[in-house]
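As they're listed, the protein sequences go chains A and B.
Start counting the first sequence at 1; every next residue gets the next number (this note's numbering).
Start counting the second sequence at 1; every next residue gets the next number (this note's numbering).
In short, the hints are calculated from the structure, not lab data.
For glycine and all other residues, C-beta sits at the position ideal for the given N, C-alpha and C.
It cannot be assumed that every hint is accurate.
As the list claims (entries may be wrong) - Simulated DEER-style distance windows between Cβ atoms:
| # | chain 1 | residue 1 | chain 2 | residue 2 | range |
| --- | --- | --- | --- | --- | --- |
| 1 | B | S120 | A | A279 | 18 to 28 Å |
| 2 | B | L325 | A | K286 | 42 to 52 Å |
| 3 | A | R287 | B | P45 | 12 to 22 Å |
| 4 | B | T228 | A | V120 | 52 to 62 Å |
| 5 | B | L199 | A | A146 | 52 to 62 Å |
| 6 | B | A35 | A | S102 | 50 to 60 Å |
| 7 | B | F110 | A | D280 | 17 to 27 Å |
| 8 | B | S120 | A | P108 | 34 to 44 Å |
| 9 | B | F56 | A | I229 | 32 to 42 Å |
| 10 | A | I229 | B | T32 | 20 to 30 Å |
As the list claims (entries may be wrong) - A few chain B positions that, by computed beta-carbon distances, are all more than 10 Å from chain A:
| # | residue |
| --- | --- |
| 11 | A21 |
| 12 | A35 |
| 13 | L128 |
| 14 | L136 |
| 15 | A139 |
| 16 | V189 |
| 17 | L199 |
| 18 | W211 |
| 19 | H267 |
To be verified - Just so you have them, the derived chain A footprint on chain B, three or more residues with Cβ under 8 Å:
| # | region |
| --- | --- |
| 20 | 42-48 |
| 21 | 51-60 |
| 22 | 159-173 |
| 23 | 181-188 |
| 24 | 270-280 |
| 25 | 304-316 |
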Amino acid sequence: MVADNQTIVGPKVQGSKGPRVQRSKGPRVLGSKGPRGLAIAVALVLFALVSLDARARGPLDLWTLGPLDQQSRVSRIVSLVPAVTEMLFAIGAGDDVVGVSSYDTFPPEARTKPKVGALVDPDFERILSLRPDLVVVYSTQVDLVARLERARIAMFRYEHAGLADITSTIRAIGDRIGRTDRARALADGIDRDIEATRRSVAGKPKPKTVLIFGREEGALRAIYASGGIGFMHDMLEAAGGQDVFGDVKRQNVQATTELLLTRAPDVIIEVHTGEPWTADRIAQAKRVWSGLPSLPAVKTGRIYELTDDRLSIPGPRVAEAVRVLARVLHP
Amino acid sequence: MTLPLRRGFPAIALCFTAMVAAVVAAPFIGSTSIAFSRVFSTALPFADNVDAQIFFIARLPRALAAALVGGTLAAAGVVFQGLLRNPLATPYTLGVSAGASLGAMVAITFGSMWVGGVASASLAGAFLAVGIVYALASARHRGLSTTVLLLAGVTLNSFFSALILFVQYVSDFAQTFRALRWLMGDLDVASYAPIIAALPLVVIAFTAFAWLARPLNLLSIGAEAAATRGVNVVLAQRVAFFSASLATGAAVSVGGPIGFVGIIVPHLARLMVGSDHRLVLPASTFFGAAFLVGCDAIARTVLAPIELPVGIITAVIGGPFFLWLLITRR
Numbered sequence: 001m002v003a004d005n006q007t008i009v010g011p012k013v014q015g016s017k018g019p020r021v022q023r024s025k026g027p028r029v030l031g032s033k034g035p036r037g038l039a040i041a042v043a044l045v046l047f048a049l050v051s052l053d054a055r056a057r058g059p060l061d062l063w064t065l066g067p068l069d070q071q072s073r074v075s076r077i078v079s080l081v082p083a084v085t086e087m088l089f090a091i092g093a094g095d096d097v098v099g100v101s102s103y104d105t106f107p108p109e110a111r112t113k114p115k116v117g118a119l120v121d122p123d124f125e126r127i128l129s130l131r132p133d134l135v136v137v138y139s140t141q142v143d144l145v146a147r148l149e150r151a152r153i154a155m156f157r158y159e160h161a162g163l164a165d166i167t168s169t170i171r172a173i174g175d176r177i178g179r180t181d182r183a184r185a186l187a188d189g190i191d192r193d194i195e196a197t198r199r200s201v202a203g204k205p206k207p208k209t210v211l212i213f214g215r216e217e218g219a220l221r222a223i224y225a226s227g228g229i230g231f232m233h234d235m236l237e238a239a240g241g242q243d244v245f246g247d248v249k250r251q252n253v254q255a256t257t258e259l260l261l262t263r264a265p266d267v268i269i270e271v272h273t274g275e276p277w278t279a280d281r282i283a284q285a286k287r288v289w290s291g292l293p294s295l296p297a298v299k300t301g302r303i304y305e306l307t308d309d310r311l312s313i314p315g316p317r318v319a320e321a322v323r324v325l326a327r328v329l330h331p
Numbered sequence: 001m002t003l004p005l006r007r008g009f010p011a012i013a014l015c016f017t018a019m020v021a022a023v024v025a026a027p028f029i030g031s032t033s034i035a036f037s038r039v040f041s042t043a044l045p046f047a048d049n050v051d052a053q054i055f056f057i058a059r060l061p062r063a064l065a066a067a068l069v070g071g072t073l074a075a076a077g078v079v080f081q082g083l084l085r086n087p088l089a090t091p092y093t094l095g096v097s098a099g100a101s102l103g104a105m106v107a108i109t110f111g112s113m114w115v116g117g118v119a120s121a122s123l124a125g126a127f128l129a130v131g132i133v134y135a136l137a138s139a140r141h142r143g144l145s146t147t148v149l150l151l152a153g154v155t156l157n158s159f160f161s162a163l164i165l166f167v168q169y170v171s172d173f174a175q176t177f178r179a180l181r182w183l184m185g186d187l188d189v190a191s192y193a194p195i196i197a198a199l200p201l202v203v204i205a206f207t208a209f210a211w212l213a214r215p216l217n218l219l220s221i222g223a224e225a226a227a228t229r230g231v232n233v234v235l236a237q238r239v240a241f242f243s244a245s246l247a248t249g250a251a252v253s254v255g256g257p258i259g260f261v262g263i264i265v266p267h268l269a270r271l272m273v274g275s276d277h278r279l280v281l282p283a284s285t286f287f288g289a290a291f292l293v294g295c296d297a298i299a300r301t302v303l304a305p306i307e308l309p310v311g312i313i314t315a316v317i318g319g320p321f322f323l324w325l326l327i328t329r330r
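Bound-form chain A, shown alone:
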């Protein structure tokens, strides 16, 4: 797999020299001529030229003229969003992924793909050198979006939102890359799965839960928890828990000791990323909480330290994540 990729990438980088010079001329012409009409005319001419170019890799997405490749097959995808990378692999487009973000670890095949940076540090040159015909970006990466537009490279703009948006993103990316059926099947499956978990916990008492994704190790300081919006909050509700910060309409809340004492969670779930924690480390993390002895979760010992990236990546494994939470909340 690795060797395969390298042989593909190598020659194409060199081959790209010709058209890249031509493309980089484009914006300069646009910029120097003032009127919009002329600019559009030039863009049209450029478009004609580029589509005539034998080396052009399928239809191009010229944003000014509207999307042209809505149902076309794309074959070289760079994904800066780990959740979407997972989606692409899950709908069978893994072989078309030619570049991933520096945080991509799942599925294992994703680790072997070239890394092109992430949210704050996308490597534009590296992305270009992979000759993608679709780049999955965060919609907040405005600089990268502008540069990719100038380079006439099509984009899929990802927005981080709630649980329901995960399956709608799967359907959207499936439509975008011409794998509508598999994407729909996957998304419907996830929806059904989550619904089943929802039904299985329906009617059970909902423990007041705080879902923590960051804390200073060894102290009850700098504690960050999921607020009342976002996919973590939605997962918690779907798994039959009551979010103690459900009323705070933010993605994250700094949970001060006073807030925690006031909200009195029955269950504390701490989500860690990276390598699984040792038993000692987990025991120590639980001990720290005895600093707030009145919390019901501390009294009953319902403190859970989970190292599970399914809980932090809003991707196709989200139904499993909801099941994990449901098992924790309703043992």
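Fit chain B to the given chain A structure using the hints.
Relative to the frame of chain A, chain B by itself:
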């Protein structure tokens, strides 16, 4: 010499009262209302008494930490301004806070490998910065060259800032967020342990400050003039540099690099009691403590249940207030 001293006493008494009032009042203010009859009730065991825990675990250590940090930063600001004979000097001018921040960033980013926690890492960073600046400033001079001190401090500040950016850049997103939040200052210490850990350092620093008041007065005229009046200039400079740095490092390790307290409060104190360090030091300490406790109370309540970083409040309140004083006191 005795007359102006006595004239400053009412102002110092006022600052002291303000500090005590702030520390006593702050635990009664918060985002949630608690029943005070239950806070001090002995009928309920402490482990079950939520109100008492909010009072004694969440609020009281916080008020005490704010007082400690505010008073220490303000006093350190006075000493640095006296040592460098520069009204724009702050406790952070000589790179102590940048070193402390770097230590904290490293601990937050590579936390699992660091045993001592964020506070001790920031203290270690502060000591590193102090050591470097001292070595540079005393390399070519007998005693300390204040010019070299300033230049070395400013350069070290930007150097460490670059390293901080580097560490943040290689850390993952959640860590970057936590690190950034640490830089804004946070006094939710959650127990008395961080305060007790910092206390010995603060006590040592303030003992030195007490001794420094007279030498600093004479140094403000000039090093040579002070020497002719019997001040051991080299010793005074060293003590001032190390004690103020120690105080700053201790304060930053508790609450993060909270800005503005260390520059505004000394000037406000001078407006109240004049420029005699024997008056400015206690007035600044008490007023700085009261000021930070007040700012933290605002930070906790103004957007409740969400909390604002206290560093934002000190800057937002302190900055305009200081400018207003500057303009009206002409």
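Each hint, compared with the structure:
1. Under the hint 18 to 28 Å, the C-beta atoms of B:S120 and A:A279, about 25 Å apart, fit the expected range.
2. Under the hint 42 to 52 Å, the C-beta atoms of B:L325 and A:K286, about 50 Å apart, fit the expected range.
3. With their beta carbons about 20 Å apart, A:R287 and B:P45 fall inside the hinted range of 12 to 22 Å.
4. The beta-carbon spacing between B:T228 and A:V120, approximately 58 Å, falls within the hinted interval of 52 to 62 Å.
5. A beta carbon spacing of about 53 Å between B:L199 and A:A146 agrees with the range 52 to 62 Å that was offered as a hint.
6. A C-beta distance of roughly 52 Å is found between B:A35 and A:S102, which places it inside the suggested range of 50 to 60 Å.
7. Remark: the range hint 17 to 27 Å for B:F110 to A:D280 is upheld by a beta-carbon distance near 18 Å.
8. Judged by the Cβ atoms, the range 34 to 44 Å given for B:S120 and A:P108 holds: they are separated by roughly 38 Å.
9. For B:F56 and A:I229, the hinted distance range of 32 to 42 Å is satisfied, since their beta carbons lie about 33 Å from each other.
10. About 22 Å separates the C-beta atoms of A:I229 and B:T32, a value consistent with the hinted range of 20 to 30 Å.
11. Even its closest Cβ contact with chain A, about 21 Å, leaves B:A21 beyond 10 Å, as expected for a residue assigned away from the interface.
12. For B:A35, the requirement that its beta carbon stay farther than 10 Å from each beta carbon of chain A is met, with the minimum near 13 Å.
13. The claim that B:L128 lies off the interface holds: its Cβ sits roughly 21 Å from the closest Cβ of chain A, which is beyond the 10 Å cut-off.
14. Here B:L136 stays apart from chain A, with its beta-carbon at least about 33 Å from theirs, past the 10 Å limit.
15. With a minimum CB-CB distance of about 38 Å to chain A, B:A139 clears the 10 Å threshold, and the non-interface call stands.
16. Annotated as non-interface, B:V189 brings its C-beta within 10 Å of a C-beta of chain A; the closest such distance is 7 Å.
17. Distance check for B:L199 against chain A: the nearest CB is about 17 Å away, which clears 10 Å, and the non-interface claim stands.
18. With a least beta-carbon separation of about 34 Å from chain A, B:W211 lies farther than 10 Å from that chain, consistent with its non-interface assignment.
19. B:H267, annotated as away from the interface, keeps every beta carbon of chain A farther than 10 Å; the closest lies near 31 Å.
20. With 3 residues having a beta carbon nearer than 8 Å to a beta carbon of chain A, the region 42-48 of chain B meets the requirement of three or more and the stated coverage holds.
21. Note: the region 51-60 of chain B has 5 residues with beta-carbon separation from chain A under 8 Å; the three-residue rule is met and the coverage holds.
22. With 3 residues having a beta carbon nearer than 8 Å to a beta carbon of chain A, the region 159-173 of chain B meets the requirement of three or more and the stated coverage holds.
23. Counting residues of the region 181-188 of chain B whose CB lies closer than 8 Å to any CB of chain A gives 4, which reaches the minimum of 3, so the coverage claim holds.
24. Residues of the region 270-280 of chain B lying with their CB closer than 8 Å to a CB of chain A number 0, which falls below the three-residue condition for coverage.
25. Counting residues of the region 304-316 of chain B whose beta carbon lies closer than 8 Å to any beta carbon of chain A gives 3, which meets the minimum of three for the stated coverage.
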